[in-house]
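S.K.: So the chains spell out like this:
2 protein chains.
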Amino acid sequence: MESLQKLKARLGEVHRIRAATAVLRWDQQTYMPPGGTNARAEQVSTLSRLAHELFTSEETGRLLEAAETEAEGLDYDSDDAALLRVARRDYDLAVKLPPDWVEEMSRTAALAHGEWVKAKEEADYSIFKPWLAKMIDLNLRKAEYLGYEDCPYDALLDEYEPGMKTAQVREIFGALRKELVPLAQAIFKQADSVDDSFLHQHFDVKKQEQFAIEVIRQIGYDFERGRQDVSAHPFTIAFSINDVRITTRYEPDSLTSALFSSIHEAGHAMYEQGIAQELEGSILADGTSLGIHESQSRLWENIVGRSREFWHAFYPRLQEIFPDQLGDVKLDAFYRAINKVAPGYIRVDADEVSYNLHIMLRFELENELIDGTVTVDQAPDAWNAKMDEFLGLTPPNDALGILQDIHWSMGAIGYFPTYSLGNLISAQLYDRALEEHPDIPSEIERGEFGTLLGWMRENIHHHGRKYMPTELVERATGEPIQIRSFMGYLRQKFGQIYDI
Amino acid sequence: MESLQKLKARLGEVHRIRAATAVLRWDQQTYMPPGGTNARAEQVSTLSRLAHELFTSEETGRLLEAAETEAEGLDYDSDDAALLRVARRDYDLAVKLPPDWVEEMSRTAALAHGEWVKAKEEADYSIFKPWLAKMIDLNLRKAEYLGYEDCPYDALLDEYEPGMKTAQVREIFGALRKELVPLAQAIFKQADSVDDSFLHQHFDVKKQEQFAIEVIRQIGYDFERGRQDVSAHPFTIAFSINDVRITTRYEPDSLTSALFSSIHEAGHAMYEQGIAQELEGSILADGTSLGIHESQSRLWENIVGRSREFWHAFYPRLQEIFPDQLGDVKLDAFYRAINKVAPGYIRVDADEVSYNLHIMLRFELENELIDGTVTVDQAPDAWNAKMDEFLGLTPPNDALGILQDIHWSMGAIGYFPTYSLGNLISAQLYDRALEEHPDIPSEIERGEFGTLLGWMRENIHHHGRKYMPTELVERATGEPIQIRSFMGYLRQKFGQIYDI
Numbered sequence: 001m002e003s004l005q006k007l008k009a010r011l012g013e014v015h016r017i018r019a020a021t022a023v024l025r026w027d028q029q030t031y032m033p034p035g036g037t038n039a040r041a042e043q044v045s046t047l048s049r050l051a052h053e054l055f056t057s058e059e060t061g062r063l064l065e066a067a068e069t070e071a072e073g074l075d076y077d078s079d080d081a082a083l084l085r086v087a088r089r090d091y092d093l094a095v096k097l098p099p100d101w102v103e104e105m106s107r108t109a110a111l112a113h114g115e116w117v118k119a120k121e122e123a124d125y126s127i128f129k130p131w132l133a134k135m136i137d138l139n140l141r142k143a144e145y146l147g148y149e150d151c152p153y154d155a156l157l158d159e160y161e162p163g164m165k166t167a168q169v170r171e172i173f174g175a176l177r178k179e180l181v182p183l184a185q186a187i188f189k190q191a192d193s194v195d196d197s198f199l200h201q202h203f204d205v206k207k208q209e210q211f212a213i214e215v216i217r218q219i220g221y222d223f224e225r226g227r228q229d230v231s232a233h234p235f236t237i238a239f240s241i242n243d244v245r246i247t248t249r250y251e252p253d254s255l256t257s258a259l260f261s262s263i264h265e266a267g268h269a270m271y272e273q274g275i276a277q278e279l280e281g282s283i284l285a286d287g288t289s290l291g292i293h294e295s296q297s298r299l300w301e302n303i304v305g306r307s308r309e310f311w312h313a314f315y316p317r318l319q320e321i322f323p324d325q326l327g328d329v330k331l332d333a334f335y336r337a338i339n340k341v342a343p344g345y346i347r348v349d350a351d352e353v354s355y356n357l358h359i360m361l362r363f364e365l366e367n368e369l370i371d372g373t374v375t376v377d378q379a380p381d382a383w384n385a386k387m388d389e390f391l392g393l394t395p396p397n398d399a400l401g402i403l404q405d406i407h408w409s410m411g412a413i414g415y416f417p418t419y420s421l422g423n424l425i426s427a428q429l430y431d432r433a434l435e436e437h438p439d440i441p442s443e444i445e446r447g448e449f450g451t452l453l454g455w456m457r458e459n460i461h462h463h464g465r466k467y468m469p470t471e472l473v474e475r476a477t478g479e480p481i482q483i484r485s486f487m488g489y490l491r492q493k494f495g496q497i498y499d500i
Numbered sequence: 001m002e003s004l005q006k007l008k009a010r011l012g013e014v015h016r017i018r019a020a021t022a023v024l025r026w027d028q029q030t031y032m033p034p035g036g037t038n039a040r041a042e043q044v045s046t047l048s049r050l051a052h053e054l055f056t057s058e059e060t061g062r063l064l065e066a067a068e069t070e071a072e073g074l075d076y077d078s079d080d081a082a083l084l085r086v087a088r089r090d091y092d093l094a095v096k097l098p099p100d101w102v103e104e105m106s107r108t109a110a111l112a113h114g115e116w117v118k119a120k121e122e123a124d125y126s127i128f129k130p131w132l133a134k135m136i137d138l139n140l141r142k143a144e145y146l147g148y149e150d151c152p153y154d155a156l157l158d159e160y161e162p163g164m165k166t167a168q169v170r171e172i173f174g175a176l177r178k179e180l181v182p183l184a185q186a187i188f189k190q191a192d193s194v195d196d197s198f199l200h201q202h203f204d205v206k207k208q209e210q211f212a213i214e215v216i217r218q219i220g221y222d223f224e225r226g227r228q229d230v231s232a233h234p235f236t237i238a239f240s241i242n243d244v245r246i247t248t249r250y251e252p253d254s255l256t257s258a259l260f261s262s263i264h265e266a267g268h269a270m271y272e273q274g275i276a277q278e279l280e281g282s283i284l285a286d287g288t289s290l291g292i293h294e295s296q297s298r299l300w301e302n303i304v305g306r307s308r309e310f311w312h313a314f315y316p317r318l319q320e321i322f323p324d325q326l327g328d329v330k331l332d333a334f335y336r337a338i339n340k341v342a343p344g345y346i347r348v349d350a351d352e353v354s355y356n357l358h359i360m361l362r363f364e365l366e367n368e369l370i371d372g373t374v375t376v377d378q379a380p381d382a383w384n385a386k387m388d389e390f391l392g393l394t395p396p397n398d399a400l401g402i403l404q405d406i407h408w409s410m411g412a413i414g415y416f417p418t419y420s421l422g423n424l425i426s427a428q429l430y431d432r433a434l435e436e437h438p439d440i441p442s443e444i445e446r447g448e449f450g451t452l453l454g455w456m457r458e459n460i461h462h463h464g465r466k467y468m469p470t471e472l473v474e475r476a477t478g479e480p481i482q483i484r485s486f487m488g489y490l491r492q493k494f495g496q497i498y499d500i
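In the order they appear, the protein sequences are chains A and B. The working numbering applies: residue 1 is where the first sequence begins, and numbers increase by one. The working numbering applies: residue 1 is where the second sequence begins, and numbers increase by one.
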């Protein structure tokens, strides 16, 4: 297995350069002084290019081919066989994108970001429109370079959710929509029956931090192999499976914003901390897709973190930390408040019921922009029409509409669906874990999370990138991605809260 | 100038990889969780090897040679001519050290560090002795690889203080010793006349931090292009001339430890922040030697930071922050306390008068170890004999003697003299700045540091590595490194404090 060993050494080097680049990016978002900006951009670009060149070199291709021949007949489930599958996939994708395109995308994204910020600040879509057009064009070219069977959007989606097809997403979302829209509309009518005003008082930021750290430590985020810092936008980043960091931001006038964001990021981070140590430093030491990643963050944020059992365990402590604000608020009122459902313009502020409607809107619009049935000129109207259709709202301006998300300015088209897939998968995995361990809810009630985390470790985290996302879901739950678990979860939880 | 342009691009890439490695090292010392240790070592080693391979490749040598031919006749003072001088020096040194030696040194240092820590903790020299022997052997081989005219120590010294010869240091130190020892002995007799006990009370760490940050901001450390964090050992590190960071550590029972360490590191950092923007990203964007670097840190820490004028400006504010501890302490008593002179075992705790005696001891012993007149078996006794000779003390154990410094465990022999050279140069530069701007002391008294910093910027910082250290001192002061300024400074300051 000489070629395989050489290939692993080479991929290990690529992995380490990428990890170093990640450290630079983390520092940029957390501690870097303003003066560092230009040099940091150059450093990141140099390291990215080095990693790319090393990975896409002919020598890598030669070693990969030779290793594949050596490895014929290897057990499909072995780490080596999985490594070769993943390396082949990554390599083929990486060599298909010409350096000129990569360079142009990177330059365009850098410029588009500033224009998007400005457009959003001024609620003026015309500023961003030419950049959206460029991004659509760059993504169409990307799809051509990468190739696809059915439609260009397949190639785009595949980057974020390997193996997933547009038609599959359309089918899943179609079924989901049919059940979700009536449920949402029924709940929206009762929106006023839940009061969450006490969540919006002054909450000392230091105390918020203290509580959030207690919570994520308790659910299983390992601070010996991670840390939490502050950044403008929360994120999770790994430099090793033994150094997986998260960030958050604190808002003095909101109790839940930083808290649920911390739990969300800790969910992402526990996924990476749970990858098998044997995979450390290899191309397999990463989450297998954004959808699976989101299933873990949403599991802990929503299914666990917004459950009655969870707050049975933590609410007394929270009241102890904020006696003035919460001393008189009963557990049931608190539980209802953190689960308040109401239609809104903004995706990132959406509740569990509305959230997927925001995603479906984006999935539809992205498809229409990519297949040309909607032009960039028509896009804001198309957005607003869909908002009305899905949520019964018309954004008063484009900042609260089509300009709200950063993703398109980064060139990321095909990314949004992974959020909803993650929601569906989180419920499906939780259902299966409950079947095997019916005591999980009562454990959560006692502040114990080991059984649930253990099940996720064994069935999801452990494997890293060994299996494709759909494959992994089927191995873990015995069936393909379905909407039954998620809809069942919503109906039970919100049916009870809103008495419908 | 095509080859020069290509060479610059290549050196720029090396520079950026090294800067990235520095970010990784900074993170390791400040924020990295324990779990990150192994992966970080691999990442640093990969990047270091990449930078080394790129820099020492034949292509770099070829471009360098071609660029030298192209650049013949270029003005000596031009950036390009200086870049080629420095690149040639670095390249020749780098290619002379065989990769096997570099690898062995790096492995030995990693192991020796742990053994040194243990030896020091247990005050047991026998644990460290075999590692010191290995380090001497490795340094002797290094000297042979690098080559030297006079003695092997020349080659070692040259790495830290380019162009400086052992004989020069011996001459300078000989002259210094003649004047310094009698002065020190006279002062030591009066040591008890200064009371510094009030510096060792409880000082709230947050308040210490607040004051230190006020001070270093005021003297000119630019927080827009830097930041201060906490680490086990204070250091300065640059990722760009616009991102130069310092660290410190706070001791709740000492007012001066963190404060003067912050000013010291800020002195180093202001040097790098002051390098001309035109040199950013090039091989010239660094300090020119450890001695010059130390001249800047010591200038701000001692000549400025321990001056009466400085505390005239800052003492009222310090009293305001620590009214309980300092409310009744007069400025004069405070000034005398922070300048208390007393013989001690430990270099890093030494006052301005004793400090250089500690260095001379190490310089002599390093030379004897390298030329073989003292063996590793004899080294502790030799150390103790010199301590008695220079400072009139006999260390009660080797932890307070030969085991106190980390340097030899890192393989750094030839490094120590740069500390004393820095002290001498700091006084020499300050003298010259005063000649040109006699108002500097009264500006300092008003808390204004712009004239002094401006002079250093223009004469030292601005040039980066364009000139060799001795050359730079001569350009700035019109004469070679001398002891007159430093001895004059000590005599005036301590003669007054100790009334001799």
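Please keep in mind that the hints were generated in silico from the structure rather than gathered at the bench. It cannot be assumed that every hint is accurate.
In this list, chains with the same sequence are indistinguishable; a pair is considered to hold if it fits within one copy or across any two.
What the hints assert, rightly or not - Heads up, simulated SDA-like pairs for lysine to any residue below, C-alpha to C-alpha not over 25 Å straight-line:
1) Lys-6 to Gly-163
2) Lys-207 to Asp-431
3) Lys-340 to Asp-80
4) Lys-6 to Glu-42
5) Lys-6 to Leu-74
6) Lys-206 to Glu-251
7) Lys-6 to Glu-104
8) Lys-6 to Val-102
9) Lys-386 to Arg-308
10) Lys-6 to Arg-107
11) Lys-330 to Thr-256
12) Lys-96 to Thr-477
13) Lys-178 to Val-348
14) Lys-340 to Gln-319
15) Lys-165 to Thr-477
16) Lys-340 to Gln-228
17) Lys-6 to Ser-48
18) Lys-189 to Thr-477
19) Lys-134 to Asp-229
20) Lys-165 to Trp-311
21) Lys-206 to Ser-231
22) Lys-96 to Asp-332
23) Lys-134 to Arg-89
24) Lys-134 to Ser-3
25) Lys-6 to Ser-193
Remember, it's a predicted structure, so these values are computed and weren't measured experimentally.
S.K.: Against this structure, judge whether each hint is valid.
M.R.: Hints, verified against the model:
{"no.": "1", "hint": "Lys-6 to Gly-163", "result": "neither (28 Å within a copy, 43 Å between copies)"}
{"no.": "2", "hint": "Lys-207 to Asp-431", "result": "neither (34 Å within a copy, 53 Å between copies)"}
{"no.": "3", "hint": "Lys-340 to Asp-80", "result": "neither (47 Å within a copy, 66 Å between copies)"}
{"no.": "4", "hint": "Lys-6 to Glu-42", "result": "between (30 Å within a copy, 17 Å between copies)"}
{"no.": "5", "hint": "Lys-6 to Leu-74", "result": "within (18 Å within a copy, 47 Å between copies)"}
{"no.": "6", "hint": "Lys-206 to Glu-251", "result": "both (11 Å within a copy, 23 Å between copies)"}
{"no.": "7", "hint": "Lys-6 to Glu-104", "result": "between (32 Å within a copy, 23 Å between copies)"}
{"no.": "8", "hint": "Lys-6 to Val-102", "result": "between (27 Å within a copy, 23 Å between copies)"}
{"no.": "9", "hint": "Lys-386 to Arg-308", "result": "neither (33 Å within a copy, 73 Å between copies)"}
{"no.": "10", "hint": "Lys-6 to Arg-107", "result": "between (34 Å within a copy, 23 Å between copies)"}
{"no.": "11", "hint": "Lys-330 to Thr-256", "result": "within (16 Å within a copy, 51 Å between copies)"}
{"no.": "12", "hint": "Lys-96 to Thr-477", "result": "neither (34 Å within a copy, 60 Å between copies)"}
{"no.": "13", "hint": "Lys-178 to Val-348", "result": "within (23 Å within a copy, 74 Å between copies)"}
{"no.": "14", "hint": "Lys-340 to Gln-319", "result": "within (20 Å within a copy, 53 Å between copies)"}
{"no.": "15", "hint": "Lys-165 to Thr-477", "result": "within (20 Å within a copy, 73 Å between copies)"}
{"no.": "16", "hint": "Lys-340 to Gln-228", "result": "neither (28 Å within a copy, 43 Å between copies)"}
{"no.": "17", "hint": "Lys-6 to Ser-48", "result": "both (21 Å within a copy, 20 Å between copies)"}
{"no.": "18", "hint": "Lys-189 to Thr-477", "result": "neither (35 Å within a copy, 83 Å between copies)"}
{"no.": "19", "hint": "Lys-134 to Asp-229", "result": "neither (35 Å within a copy, 42 Å between copies)"}
{"no.": "20", "hint": "Lys-165 to Trp-311", "result": "neither (38 Å within a copy, 71 Å between copies)"}
{"no.": "21", "hint": "Lys-206 to Ser-231", "result": "both (15 Å within a copy, 22 Å between copies)"}
{"no.": "22", "hint": "Lys-96 to Asp-332", "result": "neither (55 Å within a copy, 74 Å between copies)"}
{"no.": "23", "hint": "Lys-134 to Arg-89", "result": "neither (27 Å within a copy, 48 Å between copies)"}
{"no.": "24", "hint": "Lys-134 to Ser-3", "result": "neither (42 Å within a copy, 37 Å between copies)"}
{"no.": "25", "hint": "Lys-6 to Ser-193", "result": "neither (64 Å within a copy, 70 Å between copies)"}
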